[in-house]
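Student: Below, each chain spelled out in residue letters.
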Amino acid sequence: MTDGMGPERPEWAAWSRYPATVALVAAATAAGVFLRGHLAPPDLVMLYLLGIVVVATRFGRGPSLLASALSVLAFDYFFVPPFHTFAVADERYLLTFATMFGAGLLISALASRVRRHQREAGEREQRAAAAELRARTEEMRSSLLSAVSHDLRTPLGAITGAATTLREGDGELDPAQRADLVETICEEAERLERFVVNLLEMTRLEAGALEVKREWVPLEELVGSALTRLEERLEGRPVHAPLPADLPLISVDPVLMGQVFYNLLENAAKHTPPSSPVEISARVAGGSLVVELSDHGPGLPAGAEALVFDKFYRAAPGGTRGAGLGLAICRGIVQAHGGTISAETRPQGGATFRITLPLTGEAPSVPAEPEPA
Amino acid sequence: MSAPGPLVLVIEDEPQMRRFLRASLTSHGFQVVEASGAKEGTALATSHNPEIVLLDLGLPDADGMALTRELRGWARMPIIVISARGREADKVEALDAGADDYLTKPFGVNELLARIRVALRHAQQARGATETVMEIGPLRLDLGRREVTLDGRELHLTPIEYRLLTLLASHAGKVLTHRQILNEVWGPGHTEQTHYLRVYMAQLRRKIEQDPARPRLLATEPGVGYRFRDRIDPERR
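Chains as they are written, first to last, in the numbering used here: chain A, 1 to 373; chain B, 1001 to 1237.
Just so you know, these hints were derived from the structure itself, not from any lab. None of these values were measured; they are calculated from a predicted model. Treat the hints with care, as some may be off.
For lysine-lysine, the following DSS-like pairs were computed, each having C-alpha atoms within a straight-line distance of at most 27 Å [unchecked claim]: (1) Lys1105(B) to Lys213(A); (2) Lys270(A) to Lys1105(B); (3) Lys1105(B) to Lys311(A); (4) Lys213(A) to Lys1174(B); (5) Lys1105(B) to Lys1039(B); (6) Lys311(A) to Lys213(A); (7) Lys1174(B) to Lys1105(B); (8) Lys311(A) to Lys270(A); (9) Lys1207(B) to Lys1174(B).
Distance ranges between label pairs, derived from CB positions [as the list claims (entries may be wrong)]: (10) Glu1040(B) to Glu362(A): 52 to 62 Å; (11) Gln1210(B) to Gly303(A): 34 to 44 Å; (12) Ser1027(B) to Arg283(A): 49 to 59 Å.
Here are some, though not all, of the chain B residues that point toward chain A, as calculated from beta-carbon distances under 10 Å [what the hints assert, rightly or not]: (13) Gln1016; (14) Thr1158; (15) Glu1161; (16) Thr1191; (17) Val1199.
Glycine included, C-beta positions come from ideal geometry on N, C-alpha and C.
Chain A extracted, bound-state conformation:
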């Protein structure tokens, strides 16, 4: 009896329950008329009771009272001699009517109690879920705040320290020390910038304010722009990206999807030794574009394959390499495109990140030019 109560199936509108009740009693009567040669009067009564059960469980108390009354009247009018009058020849039928009406009342009382219990249970569940959500949000907010304040204060602390040392200790610093402090300021400011950018991006993603502006783009351009922007940070790591020339154009937001490759490559630059190669490959499989980015670093911590995409997850606890937002942003963006992203450690070592993007729609054609001789 739980179906029809679930939130996915809306309850009947209040006004429509009464006409529906009349219709059900009429249907029971029609069935009775149709089958009257095969059924004894007690069977007909059962038919009406079935209708009352249905009305009571689905429509509630008022309609079930109506159903009980209508059923008695209809039974009398159509099936109790003399037919087609409300007069009763055999007085024993009065007892049948009373029993029938009584059973109807009882059924409707029971059914309305069942309905009430179900409703209350549903409300309790909703309240519990809301409380749990509040607790989780609160927990996330406080962990977010502590992570944010740590990630903001650390580089700021280094910058303040280096800058005040330069200001106060101008006479005592040798050129190498000065250069070191200046380099610290530049590096930490850059780190702070990356963190703020990621934090803003994450906030936009979570606020659902992300607008996916799809355009038809070759994958090569997205990978290429990420590689160009990261040239310095990749520190000479060889990147092999043998992308097939016949890959279809994909319909994605070029800025957002470019950011995904940027973050994945930046992640590789963070977690793999300098000069260790990175490979990017792509293929069409099962109506999707599958892009894989593989590095030759230490791979992922066992069991962390799904966790790495969580906000503020860091491979090394207390590690200062990143704020743990880059991969979370990747997942948010890929999901906003209807795709999936996963990570695994390969048996031969190193991590592979796999993006699967559904290929939807047909890429527009581009008028071709004849190739010059």
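On the provided structure of chain A, position chain B as indicated by the hints.
Tutor: Just chain B, lined up with the frame of chain A:
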């Protein structure tokens, strides 16, 4: 005494940014005049006739976009837009409004100087006769003979690829928006056809880049357009 350097007009409302710009520009031989708002900026642009304008988009007394359009309406000096807004749509709007380049805060001094040098060079080229031979890195474009060579080897380009490459190369170091390129190469009726441009850029990269997935010359500015990378000017901070 060397000759005084080019005059830079800085229109920026934040004093810290003006301090940084003044210090770094004067130490690199530029002369600097400063305005903290749009009105003062317009007045100084008229009275001092600067060679280049650095314009902050977030001014208190006017919309920087509108000011870009206004300045562009009567002045030909390059305008480099500086903005704390990192949104691509803003960059595109500023460039289409007539800015020559943009820098998103924070930026380093090397990047700033590189952009200024590129903008000044293009302004100079625009005043003088257009060069018929351009050499940028391994690439040599002979516009008179319609000949393009890469490391001395002749390249066979289709007419559209040739137009695309010469357009980007003649603006080397400067970003061109999708709309600007489409308008120049395909014509005003095709400015929304960004996939044409992307497909032809991919073809061109296959012809002139060693590794088309890791372009050295034809850089993508995500969401904005393309920039022919000028190796003479360092891109790093």
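Student: Sort out whether Lys1174(B) lies within 27 Å of Lys213(A), counting only the CA atoms.
Tutor: holds (25 Å)
Student: With 52 to 62 Å as the target window, see if Glu1040(B) and Glu362(A) comply at their CB atoms.
Tutor: Between Glu1040(B) and Glu362(A), where Cβ atoms are some 54 Å apart, the hint holds.
Student: With the threshold set at 27 Å, check whether the alpha-carbon distance from Lys311(A) to Lys213(A) stays at or below it.
Tutor: Holds: Lys311(A) and Lys213(A) sit about 24 Å apart, inside 27 Å.
Student: Need the status of pair Lys1207(B), Lys1174(B): alpha-carbon distance at most 27 Å?
Tutor: Since the Cα atoms of Lys1207(B) and Lys1174(B) sit roughly 21 Å apart, the hinted pair holds (cutoff 27 Å).
Student: Given the hinted pair Lys1174(B) and Lys1105(B), is their alpha-carbon gap at most 27 Å?
Tutor: holds (18 Å)
Student: Holds or violated: is there a CB of chain A closer than 10 Å to the CB of Thr1158(B)?
Tutor: holds (4 Å)
Student: Check the hint pairing Lys1105(B) with Lys1039(B) against an upper bound of 27 Å on the C-alpha distance.
Tutor: Distance of about 23 Å is within 27 Å: holds.
Student: Hey, Lys270(A) versus Lys1105(B), does the alpha-carbon distance stay inside 27 Å?
Tutor: OK: Lys270(A) and Lys1105(B) at ~24 Å, within 27 Å.
Student: Verify the proposed pairing of Lys311(A) with Lys270(A), using a straight-line Cα cut of 27 Å.
Tutor: holds (17 Å)
Student: Okay, Gln1210(B) versus Gly303(A) on CB: inside 34 to 44 Å?
Tutor: The hint (34 to 44 Å, Cβ to Cβ) holds, given that Gln1210(B) and Gly303(A) are roughly 41 Å apart.
Student: Using Cβ atoms only, decide whether Thr1191(B) comes closer than 10 Å to chain A, and label the hint accordingly.
Tutor: It is violated, given that the least Cβ distance between Thr1191(B) and chain A is near 14 Å, above 10 Å.
Student: Return the status of the interface hint for Glu1161(B): holds when the least beta-carbon distance to chain A is below 10 Å, violated otherwise.
Tutor: holds (8 Å)
Hint check: violations occur at hints 13, 16; the rest are consistent with the structure.
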